[in-house]
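Chain by chain, the residues run as shown.
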Amino acid sequence: MKMKKSRILALLLALSMCFALAACGGDKTPAPETNGDKAVLKLGFIGPLTGGAALYGESAKRGAEIAVDEINAMTDGKLTIEFNPQDDEHDSEKAVYAYQQLKDQGAQAVIGCVTTTPCLAVAPDANADRMFMLTPSATSPKVTEGRDNVYQICFSDPTMGNESAQFIKDKALASKVALIYNNADAYSQGIATAFKAKAAELGLQIVSETTFASDDEKDFTVQLQDAKTKGAELIFMPIYYNPASLIIKQAADMSYAPKFFGCDGMDGILGIEGFDKTLAEGVMLMTPFNADGQDDATKKFVESYKAKYNGEIPSQFAADGYDCVYAIYNAAMASGEDVSKMSAADFCELMIKTFSSDTFTFSGLTGENMTWSKTGEVAKNTTVFEIKGGVYAPM
Amino acid sequence: MNFLNFLVAGVSLGSIYAIIALGYTMVYGIAKMLNFAHGDVIMIGAYVAFFSINSQSLPPVVAVLLAMAICTLLGVMIEYLAYRPLRNATSLAVLITAIGVSFFLQNFALIRWGSSPKNFPTVVPFGKITLFGGDLIISGEAITTILTCLLVMVLLTTFTQKTKMGKAMRAVSEDKAAAQLMGINVNYTISITFAIGSALAAIAGVLLCSMYPLLNPTTGAMPGIKAFTAAVFGGIGSIPGAMIGGILLGIIEIFGKAYISNQLSDAIVFAVLIVVLLVKPTGLMGKKIRVKV
Numbered sequence: 001m002k003m004k005k006s007r008i009l010a011l012l013l014a015l016s017m018c019f020a021l022a023a024c025g026g027d028k029t030p031a032p033e034t035n036g037d038k039a040v041l042k043l044g045f046i047g048p049l050t051g052g053a054a055l056y057g058e059s060a061k062r063g064a065e066i067a068v069d070e071i072n073a074m075t076d077g078k079l080t081i082e083f084n085p086q087d088d089e090h091d092s093e094k095a096v097y098a099y100q101q102l103k104d105q106g107a108q109a110v111i112g113c114v115t116t117t118p119c120l121a122v123a124p125d126a127n128a129d130r131m132f133m134l135t136p137s138a139t140s141p142k143v144t145e146g147r148d149n150v151y152q153i154c155f156s157d158p159t160m161g162n163e164s165a166q167f168i169k170d171k172a173l174a175s176k177v178a179l180i181y182n183n184a185d186a187y188s189q190g191i192a193t194a195f196k197a198k199a200a201e202l203g204l205q206i207v208s209e210t211t212f213a214s215d216d217e218k219d220f221t222v223q224l225q226d227a228k229t230k231g232a233e234l235i236f237m238p239i240y241y242n243p244a245s246l247i248i249k250q251a252a253d254m255s256y257a258p259k260f261f262g263c264d265g266m267d268g269i270l271g272i273e274g275f276d277k278t279l280a281e282g283v284m285l286m287t288p289f290n291a292d293g294q295d296d297a298t299k300k301f302v303e304s305y306k307a308k309y310n311g312e313i314p315s316q317f318a319a320d321g322y323d324c325v326y327a328i329y330n331a332a333m334a335s336g337e338d339v340s341k342m343s344a345a346d347f348c349e350l351m352i353k354t355f356s357s358d359t360f361t362f363s364g365l366t367g368e369n370m371t372w373s374k375t376g377e378v379a380k381n382t383t384v385f386e387i388k389g390g391v392y393a394p395m
Numbered sequence: 396m397n398f399l400n401f402l403v404a405g406v407s408l409g410s411i412y413a414i415i416a417l418g419y420t421m422v423y424g425i426a427k428m429l430n431f432a433h434g435d436v437i438m439i440g441a442y443v444a445f446f447s448i449n450s451q452s453l454p455p456v457v458a459v460l461l462a463m464a465i466c467t468l469l470g471v472m473i474e475y476l477a478y479r480p481l482r483n484a485t486s487l488a489v490l491i492t493a494i495g496v497s498f499f500l501q502n503f504a505l506i507r508w509g510s511s512p513k514n515f516p517t518v519v520p521f522g523k524i525t526l527f528g529g530d531l532i533i534s535g536e537a538i539t540t541i542l543t544c545l546l547v548m549v550l551l552t553t554f555t556q557k558t559k560m561g562k563a564m565r566a567v568s569e570d571k572a573a574a575q576l577m578g579i580n581v582n583y584t585i586s587i588t589f590a591i592g593s594a595l596a597a598i599a600g601v602l603l604c605s606m607y608p609l610l611n612p613t614t615g616a617m618p619g620i621k622a623f624t625a626a627v628f629g630g631i632g633s634i635p636g637a638m639i640g641g642i643l644l645g646i647i648e649i650f651g652k653a654y655i656s657n658q659l660s661d662a663i664v665f666a667v668l669i670v671v672l673l674v675k676p677t678g679l680m681g682k683k684i685r686v687k688v
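Residue numbers (the working numbering), protein chains in the order written: chain A, 1 to 395; chain B, 396 to 688.
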């Protein structure tokens with residue numbers, strides 16, 4: 001018996017070594033190329049393309065692809081983009097592996113990660129390797145903190161928490177507020193913490209504060225009952241759209257009809273297959289992009305997106321992905337240098353210099369005249385939408 | 396009134412656990428193996444029902460029957476392909492195979508149906524009941540689940556106690572070799588057990604997703620584990636035990652969340668399980684195991 005056990009152990013060890021070796025393979029950095037007379041910039045992308053957060057990663061990737069297609073189709077363009085998306089399944093280890101893949105395949109900059117947790121795992125590596133990172137939607141301030149080469153195109157969690165409290169106060173949406181958040185999620189917790197502090201400062205009364213521990217949670221009776229009993233008129237829930245859709249449904253089942261206010265993680269709730277959109281009527285969310293916007297850039301983007309992806313309406317994440325590509329492209333063009341010959345490290349220094357300069361501003365789908373601080377945080381206006389008739393209406 | 400609302404939520408969550416636990420306990424009681432893929436059969440059943448209703452516009456009753464038929468087939472196939480070759484292997488080998496089947500089903504669903512969640516339409520035709528002027532609300536799904544659970548328990552008990560097949564099942568459960576000597580086809584009996592267990596899984600999947608209408612490839616995983624706990628809690632192998640264990644577990648979970656901590660509700664559930672097993676190692680309704688000396 002003992003013999004057998006040790007043999008199995010040996011076999012397992014041998015197997016795991018095979019995998020380890022396989023992971024080490026392909027450790028060469030191909031030189032940057034040029035495509036005809038046009039220079040080529042190699043952009044990597046990391047996001048969850050499968051798994052529970054796939055809707056976000058897939059959207060951001062598609063948005064970025066639209067931008068890449070547009071740039072590559074420009075007849076007078078001097079720069080084309082080679083886009084290389086990798087899946088991280090919303091998992092830290094897989095994200096680091098995806099990053100290594102991108103590095104091996106010669107990426108000069110990375111758009112990513114889409115979600116905060118993987119981003120926190122990749123950012124230290126990117127910082128050590130001097131690889132420029134621009135995240136479309138990882139909102140934690142920890143992502144950019146202490147790293148001069150990691151930038152955000154989205155708001156940080158504290159900004160969102162503060163602005164939400166300010167908005168609720170300014171519009172006098174409610175005097176009694178309930179807060180439901182996921183205590184095991186950095187994004188949710190980050191916004192909630194800032195929201196609480198700001199609410200106290202503004203004299204906004206938080207009557208009920210409840211949490212849950214996993215996005216797989218199914219029953220929110222306790223949380224909703226607490227809010228209902230304490231007479232909350234508005235529920236602030238800085239959480240993702242999956243649990244949010246269950247909370248909204250269960251509140252309706254309880255005949256409890258408070259106002260719901262969410263942040264950009266709620267964006268996507270209307271994209272759930274089979275979701276009863278009438279339930280979401282009146283739900284408010286702070287998200288920087290509105291697919292029903294009437295400006296030319298938004299209309300053009302929504303049209304191309306619908307044409308390419310069977311009529312699907314792009315979410316905020318798609319717009320973030322689109323903006324990331326253009327922000328890097330514009331910064332590269334503004335520098336006037338031939339970026340195709342640059343190593344990732346040189347490109348990184350160039351991007352840091354451009355993004356943090358006082359003269360560089362970027363107007364995209366998710367904001368006008370964005371500027372960046374030296375720490376990588378973006379400055380732009382906030383927008384809140386209300387769901388009316390199954391679409392976003394500006395408030 | 397909050398107390399009553401929590402009780403209702405606990406009982407309805409618990410009856411979902413109970414109906415899943417019935418499938419676990421059936422298979423364990425007769426085949427003496429833990430079918431960890433049970434939770435994922437639930438998920439497959441829910442997907443079948445979802446597509447029958449949403450894409451094929453079939454009436455809910457037909458969708459449920461179709462889900463049951465497909466899950467039955469799936470259960471028998473899993474048993475035939477994955478578990479039968481291991482009939483005489485160690486129980487650890489079977490356990491690990493079951494976990495493998497579970498991963499296979501989850502990833503199959505991920506590839507086949509994608510990761511974005513589906514919002515499950517309710518199959519329950521009647522609405523909620525409002526009592527005490529709106530203070531106490533019982534959803535139609537909760538009532539249906541509780542009633543279905545009771546009905547299934549009664550049917551299963553009658554089946555195992557009164558029919559010839561049931562008798563064969565009990566015989567196989569008692570002693571496989573002796574049952575075979577008495578002319579019982581052991582493989583056939585175990586196949587039938589899996590068929591019944593998987594049909595129950597389909598019902599559980601539809602009820603689970605009617606109550607909590609979010610369906611993705613991991614939907615069955617956590618309820619599956621909780622239901623397994625419920626089965627052990629009630630005394631694995633015992634049909635009434637699974638029912639009582641499931642409902643108690645649901646109540647403990649909701650009350651723990653309401654009166655002790657939002658965060659620790661799962662920890663409380665498992666702590667209670669540990670205490671029960673310390674005091675009564677075979678679970679609440681478990682049979683005493685006599686070991687021959």
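Worth flagging that the hints you see were computed from the coordinates, not collected in a lab. Ideal Cβ positions, reconstructed from N, Cα and C, are used throughout, including at glycine. Heads up, some of the hints might be wrong.
Unchecked claim - Simulated pairs of lysine to aspartate or glutamate, EDC-like, Cα-Cα distance not exceeding 16 Å:
| hint | chain 1 | residue 1 | chain 2 | residue 2 |
| --- | --- | --- | --- | --- |
| 1 | A | Lys306 | A | Asp148 |
| 2 | B | Lys523 | A | Glu281 |
| 3 | A | Lys374 | A | Asp358 |
| 4 | A | Lys94 | A | Asp69 |
| 5 | A | Lys300 | A | Glu281 |
| 6 | A | Lys230 | B | Asp530 |
| 7 | A | Lys388 | A | Asp253 |
| 8 | A | Lys38 | A | Asp76 |
| 9 | A | Lys218 | B | Asp661 |
What the hints assert, rightly or not - Going by beta-carbon spacing under 10 Å, a handful of chain A positions derived as facing chain B:
| hint | residue |
| --- | --- |
| 10 | Gln205 |
| 11 | Ile206 |
| 12 | Thr210 |
Honestly, which of those hints from before does the structure not fit?
1, 2, 4, 5, 7, 10 and 11
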